[in-house]
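Asker: Chains A and B are the protein sequences, given in the same order. With the first letter of the first sequence counted as 1, position 28 gets the number 28 in my numbering; the numbers rise by one all the way through. With the first letter of the second sequence counted as 1, position 49 gets the number 49 in my numbering; the numbers rise by one all the way through.
Think of the hints as simulated: they come from the structure by calculation, not from any bench. Any given hint might turn out to be false.
One copy or any two copies: either way a pair holds, since identical chains are not told apart in the list.
Below, in silico cross-link-like pairs of lysine-lysine (DSBU-like), each with a Cα-Cα straight-line distance of 35 Å or less [claimed, not checked]:
1) Lys165 to Lys235
2) Lys125 to Lys165
3) Lys66 to Lys277
4) Lys235 to Lys86
5) Lys165 to Lys236
6) Lys277 to Lys218
Since the structure is predicted, the reported quantities are computational estimates derived from the model, not experimental observations.
Number of protein chains: 2
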Amino acid sequence: MSEELDPLVLQKLAINQATTRTRWSNEQSLEGYARHGIQHVTLWRDKVSEIGVRKTKELLSRLGLKVSGLNRIGPVFDNDGRLDAKFIEDAKLGIEEAHDLDADNLMYFPGTSLPNYCDLGDARKQSVDILHQVYEVAKQANVKLVLEPLHPMIAGDRSCFNTMKQCNDICDLVGPELGVVVDVYHVWWDPELQSEISRAGSDRLMGFHINDWLVPTKDLLRDRGMIGDGVIELKKIRGWMENSGYRGPVEIEIFSDYWWDQDPDTVIQTAIERTLKLA
Amino acid sequence: MSEELDPLVLQKLAINQATTRTRWSNEQSLEGYARHGIQHVTLWRDKVSEIGVRKTKELLSRLGLKVSGLNRIGPVFDNDGRLDAKFIEDAKLGIEEAHDLDADNLMYFPGTSLPNYCDLGDARKQSVDILHQVYEVAKQANVKLVLEPLHPMIAGDRSCFNTMKQCNDICDLVGPELGVVVDVYHVWWDPELQSEISRAGSDRLMGFHINDWLVPTKDLLRDRGMIGDGVIELKKIRGWMENSGYRGPVEIEIFSDYWWDQDPDTVIQTAIERTLKLA
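Isolated chain A, as found in the complex (with noise of 0.2 Å):
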């Protein structure tokens, strides 16, 4: 499949396994991948976990696939809105799995302490404050922690981290070797958004996601569109990224209901041919 793609421009492309969640395993998902050209993937832990990382790291091996980034340590709050006692535990986990896999990076997901405590002040300050943990954890073990700005519309219950401004703070005040993802659908409304990206700047900007706002919009979390099906001017926002410095690869990233009930290669065949046209 995609056999009439120049092989130059894939090598540009990452999929993240979000994307085919539903449908493919961790195995098939890396196959699949792999057959339509892909040379990149961003992973779940849970997807990672069916097989372990030593196979996962095997099966990427035999495959000549990348693991841009890992997916995830955090939430850091538990059901209460509280601070989670295990949550240092399983970031350790965590970055020994980012580490052992070779990921360029792995993501620091803060949650948000609401609805049950609510704060969200405190929910950011708290997240602030044990990132400057983990951060050091990483750093020793070599693992580079990345940020990503989530949509406003869930930092109710999703993530107290909304905006790149925030995470150009957030990065300004733990650490050089702290990066930020760029997924458009979380950040393409922002009036700031090309100043933003501009400030963090190719050291800091480790990944780039693509997928569509579509209008309407039927859920605040499982109704991205596929690229070109939306409103979201992808190839501006791109250029915002390169002319910042950004060299790594476009990432295709789609929450939907509608797509994960699709066939996964008609979905990752559409994706690419979409991206290569459009993004």
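Given the structure of chain A, go ahead and fit chain B onto it with the hints provided.
Answerer: Below, chain B without anything else, positioned relative to chain A:
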């Protein structure tokens, strides 16, 4: 109803007519709010047009109601996502209505060129260009125009003004007579909220709208929560407003299919009681 409530506290409340838009006519709503001891109302032009400005004014006068805000002039884009040729003409009419109704302010609602013309930066630029024009007309008529940042999740189909910082920047650019309305629903998530409210200050802060953010939120437009049913820290944000010099009314505005289906008297009484207790 609400007889046991302190009339001095009630003096600080306003109701936005959108809260009862489906079940109460213009006349019913004004009589209803007055019956609950309310003294400030934000009107919608489509509601006013049911009986016209003159009759609405007589009714307001008889009921002792003052007009906080008039909604709205705009959107400035037509169905193709291009500037609407009829906008200026309608804006002049809206300014005249705001003047005749003695409204404290008139909402400038840019809309967005999306999804039909996908250039968000251009939509923002055009919205500000045309705002310069109507600002001058409003100034001549002694009518105060206000902006309101709307939630980023509706940037694709409702409004291209999406943060307090953006609205403050536009006010800096357009002129000192321009004001800003803070609706907690749209801005509660913003890490810059406190500093941008403070930056706006007492001259610019022209309204404070309350409701709540539900977790989960099931619809991007019509699933706002009743005060107290969600995660927004109302007292905290109200404190920021008052510390910045805001002395205007606290306005109840709930866009909700659920609450639109309930008996409007129950909605108003519930909202008043919740506001006095929680906001």
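Asker: Using 35 Å as the alpha-carbon threshold, which applies to Lys66 and Lys277: within, between, both, or neither?
Answerer: within (24 Å within a copy, 56 Å between copies)
Asker: How would you classify Lys235 and Lys86 at a CA-CA limit of 35 Å: within, between, both, or neither?
Answerer: Between copies, since 33 Å is at most 35 Å while 41 Å is not.
Asker: Checking an output row: Lys277 and Lys218, CA cutoff 35 Å. Within, between, both or neither?
Answerer: Cα proximity of Lys277 and Lys218: in one copy and across copies (26 Å, 33 Å).
Asker: Could you figure out if Lys165 and Lys236 sit no more than 35 Å apart (CA to CA) within one copy, between two copies, both or neither?
Answerer: Both, since 19 Å and 22 Å are each at most 35 Å.
Asker: From the Cα coordinates, with 35 Å as the cut-off, is the pair Lys165 and Lys235 best called within, between, both, or neither?
Answerer: Intra 21 Å, inter 26 Å, cutoff 35 Å: intra and inter.
Asker: With identical chains treated as interchangeable, where does the CA-CA distance between Lys125 and Lys165 reach 35 Å or less: within a copy, between copies, both, or neither?
Answerer: both (15 Å within a copy, 22 Å between copies)
Hint compliance for this structure: every hint is met.
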